[in-house]
Amino acid sequence: MAILTYREALNRAMVEEMEKDPLIYLMGEEVGHYQGAYKVSQGMLSKFGEDRVIDTPISENGFAGIGVGSAMVGLRPIIEFMTWNFSLVAIDQIINSAAKMNYMSGGQFPMPIVFRGAGGVGGRLGAQHSQAFESWYAHCPGLKVVCPATPKDAYGLLKSSIRDNNPTIFIESEVLYGSKGEVPEQEYTIPLGLGEIKRKGTDITLVTWSRALVFAEEAAALLEQEGISVEIVDLRSLRPLDENLIYESVKKTNRAVVVEEGWPVAGFGAQIAYLIQKNAFAYLDHPVERVTQMDVPMSYAANLERMSLPNATRVADTIREMLQ
Amino acid sequence: MVLIRKFEEAAAKAYSVGKIGGFLHLYIGQEAVGVGSIASLTPKDYIVSTYRDHGHALARGLHPKPLMAELFGKGTGISKGNGGSMHFFDRNAHFMGGHGIVGGHISLAAGIAFASKFKKEDSVTICFFGEGAANIGSFHEGLNLAAIWKLPVVFICENNHYAMGTPEYRALAVKDVSVRAYAYDMARDHIEGDEVRKVRDHVKVAVERARRGEGPTLIEVSTYRFRGHSMSDPAKYRTKEELEAYKKKDPLMRARHELELGGIKTEELDKLDLEIQTQIDEAYEYAETSPEPPLSQLHKYVYAEDK
Numbered sequence: 001m002a003i004l005t006y007r008e009a010l011n012r013a014m015v016e017e018m019e020k021d022p023l024i025y026l027m028g029e030e031v032g033h034y035q036g037a038y039k040v041s042q043g044m045l046s047k048f049g050e051d052r053v054i055d056t057p058i059s060e061n062g063f064a065g066i067g068v069g070s071a072m073v074g075l076r077p078i079i080e081f082m083t084w085n086f087s088l089v090a091i092d093q094i095i096n097s098a099a100k101m102n103y104m105s106g107g108q109f110p111m112p113i114v115f116r117g118a119g120g121v122g123g124r125l126g127a128q129h130s131q132a133f134e135s136w137y138a139h140c141p142g143l144k145v146v147c148p149a150t151p152k153d154a155y156g157l158l159k160s161s162i163r164d165n166n167p168t169i170f171i172e173s174e175v176l177y178g179s180k181g182e183v184p185e186q187e188y189t190i191p192l193g194l195g196e197i198k199r200k201g202t203d204i205t206l207v208t209w210s211r212a213l214v215f216a217e218e219a220a221a222l223l224e225q226e227g228i229s230v231e232i233v234d235l236r237s238l239r240p241l242d243e244n245l246i247y248e249s250v251k252k253t254n255r256a257v258v259v260e261e262g263w264p265v266a267g268f269g270a271q272i273a274y275l276i277q278k279n280a281f282a283y284l285d286h287p288v289e290r291v292t293q294m295d296v297p298m299s300y301a302a303n304l305e306r307m308s309l310p311n312a313t314r315v316a317d318t319i320r321e322m323l324q
Numbered sequence: 325m326v327l328i329r330k331f332e333e334a335a336a337k338a339y340s341v342g343k344i345g346g347f348l349h350l351y352i353g354q355e356a357v358g359v360g361s362i363a364s365l366t367p368k369d370y371i372v373s374t375y376r377d378h379g380h381a382l383a384r385g386l387h388p389k390p391l392m393a394e395l396f397g398k399g400t401g402i403s404k405g406n407g408g409s410m411h412f413f414d415r416n417a418h419f420m421g422g423h424g425i426v427g428g429h430i431s432l433a434a435g436i437a438f439a440s441k442f443k444k445e446d447s448v449t450i451c452f453f454g455e456g457a458a459n460i461g462s463f464h465e466g467l468n469l470a471a472i473w474k475l476p477v478v479f480i481c482e483n484n485h486y487a488m489g490t491p492e493y494r495a496l497a498v499k500d501v502s503v504r505a506y507a508y509d510m511a512r513d514h515i516e517g518d519e520v521r522k523v524r525d526h527v528k529v530a531v532e533r534a535r536r537g538e539g540p541t542l543i544e545v546s547t548y549r550f551r552g553h554s555m556s557d558p559a560k561y562r563t564k565e566e567l568e569a570y571k572k573k574d575p576l577m578r579a580r581h582e583l584e585l586g587g588i589k590t591e592e593l594d595k596l597d598l599e600i601q602t603q604i605d606e607a608y609e610y611a612e613t614s615p616e617p618p619l620s621q622l623h624k625y626v627y628a629e630d631k
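Chains as they are written, first to last, in our numbering: chain A, 1 to 324; chain B, 325 to 631.
Quick caveat, the hints were computed from the structure, so don't treat them as lab data.
Just so you know, these numbers come straight off a predicted model, no measurement behind them.
Careful: at least some of the hints might be erroneous.
As the list claims (entries may be wrong) - Think about it this way: if two alpha-carbon atoms lie no more than 20 Å apart in a straight line, the pair counts; the simulated SDA-like pairs of lysine to any residue are: (1) B:K624 <-> A:H139; (2) A:K200 <-> A:K159; (3) B:K474 <-> A:R52; (4) A:K278 <-> A:S299; (5) B:K441 <-> A:L45; (6) A:K159 <-> A:P22; (7) B:K443 <-> A:E17; (8) A:K20 <-> A:H139; (9) B:K441 <-> A:D21.
To be verified - From chain A, some residues computed to sit far from chain B (all C-beta separations above 12 Å): (10) P22; (11) G43; (12) K100; (13) P110; (14) P112; (15) E182; (16) E185; (17) V265; (18) A270.
In this text, a Cβ means the ideal position worked out from N, Cα and C, and glycines have one as well.
Isolated chain B, as found in the complex (with noise of 0.2 Å):
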């Protein structure tokens, strides 16, 4: 989780200097249900991720540096500099992609755990989405596809209660949004997500429950950005008051708190962020100083070799 944070804030400081370009959507404040989450998976499981991908890269194991020279627009970069912040993929890590389309993900998870349980293979897909993707067509067909076939894949919706800049009260005619399972005869739950571990042992719940071949579940996961919806969002549309409260809420001070409950040493944990904080800086380095993708790239990957 501090290696997300400390990942976004330096993504942030780059993209304010004009290092890193189009759009920026940080995860900053929703670390837990990123890593939670993928906490609960096997290597030979699936990720499908949104535009707001760089938690779940990380949280996943990705390694930092391709992360950043990704953000950087470098050859170096995971998706070789062709993706940008919204589209990291690592195919060895399965490592789905980041998909800037919302909600039009959520069907090719379905069709990724399709796939699986096609070869008979018992790998569990899951899929982030905000409650945003849970009003687009793809949400409802896909979790009706997933439903019919009783498909290995976890739907979690990361609820932060903001699509952009509308509230979730003038988007869902019903708030929960994990209740919309009971029209796909579908498991569900619902969690607070500043809590990580509560978090993974939820979702491991409804991954165990897929890989045994009982079906999909919809978990909810109520959570909160810290930021505007990306970096050129001052996010008007929430008080000051809002903000603080769930400030105090921070998932990372929670973690933290925890731990040295269970007998860390503060001493410990923070030459733990300073580690992190060094493999971050060597991270900004190596994007900073990767060259950018050669031209002959530009035709590169429009089509795939012939098989």
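Bound-form chain A, shown alone (with noise of 0.2 Å):
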């Protein structure tokens, strides 16, 4: 088993898939002759040229356009987000056409893209390159959502995204990039909408993915400390959404908490929440808890932004206070 950083499991993902389908291509600000604004691209352009590893000028919703056109007639792009930030000028190109495209042709034009890129809060980074986006894009339906914590996730996760025949929003977290984690050698992928139980326990479920499963990784340890067995639900991707693997945990600890790096209105939580009370109802001992950043844009001031960002302590402090 090798060990690899978050941002070098995502490379060799790529280089492997491009070896293999010469359909694939590498579109985005900065992924050729920069080598990546954060490396994930590094060395691709000496070895896949300059036809597959293309830079972009700064165009998000051009270059968005050119990969849905593109993935309309055969090709397999990934096109790098520098940020996910800067997906928003090009958040019509991915919802109005891509997301719908195989949908409003009845069944014609299959999309296989993924939207990929550095995502998350964190950093200091202030109000406009600090924002978590996946809640919006697993709104709507056509989109794939993967939010990759580990670096054999994201190894996987990644492969599966570029075989998928649909458009796939994957938010790699930028906070996690050098990151160091086991990656088998052998190659292999993870299914889309599969989860993974990534720590067991009985007395509560934190329900997470990307970053913010280092949150809950840590606020478990803290909480082992005094007795309290915390279970980690991963679920890897929002859509599709492991729902099962959050039921049957639910159902051994009775109490569930949901751990996100986005804001709390109308972020994804709160659909896990629903469905939560929906499905496992009967099971639940306490209302459905939720740590997330905090209902204000990001601030650039050091105290502010600890303050407005989750972290282990505040989930710790609820499920100390769920099991009262």
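Build the complex from these two chains, which are given one at a time in their own frames, with help from the hints.
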């Protein structure tokens, strides 16, 4: 088993898939000559050339549209947004074009495209560069939404996303790019829609995805010392959603908290809370709680950012209260 | 052109009695643009259209039956009833859709052309849009990307002088859309859209340029829609005199006149008109009697099948 960083795992997934399928290309700002703004595409230009690793001008709407158009005629684009914050100027192409093309054409145009790039909050990047948008995209039927938290998952899920015939929103955690983890040397994929129990426990279920897994794990470690046993469900993808994995865990623990980096209002955690009360109500000993970013744009000031971000302390406090 | 005119007249009738829902944007008056442009293409070329896509689809040779059925929301429609007036698609005919967000499809067209270049196929994509779309970001981004990568695409601005109710002089800082090509070091052309052969000949030059790998062209075709923006628009923002003046330049009348000058007898043309009317009547009947899509279709096609 090799130890890879999250970014190396993503790089390996793309390289392997592109070696296999000549219809796949990578396009985005600085993906080629600059070697990737976050170095996820390091070395790919020399391996695949300018025809398949394509630098673009700053024009997200334009190159997202290029990707969608090319996918209509059989190419399999990987479109990198330097950060998901910039995807908002391309959201018309993602939602109005990519998500609906197969449906509104009566099944004539599958859309084998991956939109990927850095997402998530933190790092003192301020209000416009520090946002979690998975709830926005998970809102739309026709899209798949994938949010890996570990190098192992990043590799297996990206390969599945590239092979999928549907538009996939693949949100990488900017903060986790340098994090390390074991990645099997043998090639493997992880099916989209398959969550994983990242930690077994009996007292409470933490439902999470992407970097919020880190907060969840830290909180679980803290609480373990107090004799509280936490189970962590990492969804890994929000669409499709591994609902049963959540219910099975809640049936065992009778309590659930959703931990996410996004804002609380109409966030994906609200959907999970709804699903749990709808489908596992009889097993609940406490209302489902949520730990999210605060309901404000992100502040640059270090103390205010700290206060705004979800963290292990808030998760642990929430759990202690629920168990009283 | 006659097929388009009669198809749309029938569609307008169906809309007024509630058989067609939603928006219905008619192409009446602009027929020479679509017919002329598409006449310059081969079957391997691609067409990307707007929310005003009936004319382009018929000009591509799509049969009026599935098109009318689509307007009626029937399962036999060209997009199985999921698309409606603004979303005709036919993969086999390389008819890459009517698209309902103004200008958004311009970069899709560049993407299709990108794929042709990527796969080293010599297909050309033409993309229709109105002058209203020339002010949105997607237009500028799409043209810039097409120009820097020399993509085989022809951008055809059908300038009918009104973006819904907004006349061009209130929307375009420079009235001539085609001069925007200079900003992208792109070939340009500007033609009157009432003469179908002229449109064909000019577009053909751009299509062949694209096919030779010499990059995109922006063509502005001046035209006019005789109806409102859609069926729900009484078009009070323009004068009767203006409309009448344009109707005197009706591209259908002009084409007919030219055919007659070329020696084709009036009776022959009348006979052809009748045949087309019969075809449209049949399409109407087909649409009316076709079944609605099965309810099981609601959740179908949201996601494509696995690879």
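Do the hints match the structure? See the list:
Among the hinted pairs, B:K624 with A:H139 is consistent with the structure: their alpha-carbon atoms are about 18 Å apart, no more than 20 Å. For a cut-off of 20 Å, the pair hint linking A:K200 to A:K159 is broken: about 27 Å separates their Cα positions. Of the supplied pair hints, the one linking B:K474 and A:R52 holds, its CA atoms being roughly 16 Å apart against a limit of 20 Å. Restraint check for A:K278 and A:S299: not satisfied, since their Cα atoms lie roughly 36 Å apart, outside the 20 Å limit.
With a C-alpha separation of about 19 Å, the suggested pairing of B:K441 with A:L45 holds against the 20 Å cut-off. Straight-line distance between C-alpha atoms of A:K159 and A:P22 comes to about 15 Å, which keeps the hinted pair within the 20 Å bound. Restraint check for B:K443 and A:E17: satisfied, since their Cα atoms lie roughly 18 Å apart, inside the 20 Å limit. Restraint check for A:K20 and A:H139: the C-alpha separation of about 32 Å exceeds 20 Å, so the hint is violated.
For a cut-off of 20 Å, the pair hint linking B:K441 to A:D21 stands: about 17 Å separates their Cα positions. Distance check for A:P22 against chain B: the nearest CB is about 9 Å away, which does not clear 12 Å, and the non-interface claim fails. With a least CB separation of 21 Å from chain B, A:G43 remains clear of the 12 Å interface cut-off, as annotated. The claim that A:K100 is not at the interface with chain B is violated, since a C-beta of that chain comes within 12 Å of its own (minimum 9 Å).
Its beta-carbon lying about 3 Å from the closest one in chain B, A:P110 breaks the requirement of being farther than 12 Å from that chain. At the 12 Å boundary, the C-beta of A:P112 falls inside the reach of chain B, the nearest C-beta of that chain being 7 Å off. With 12 Å as the threshold on Cβ separation, the claim that A:E182 sits away from chain B holds: the shortest Cβ distance comes to roughly 28 Å. Distance check for A:E185 against chain B: the nearest CB is about 25 Å away, which clears 12 Å, and the non-interface claim stands.
Its beta-carbon lying about 26 Å from the closest one in chain B, A:V265 satisfies the requirement of being farther than 12 Å from that chain. At roughly 22 Å from the closest C-beta of chain B, the C-beta of A:A270 stays outside 12 Å, upholding its exclusion from the interface.
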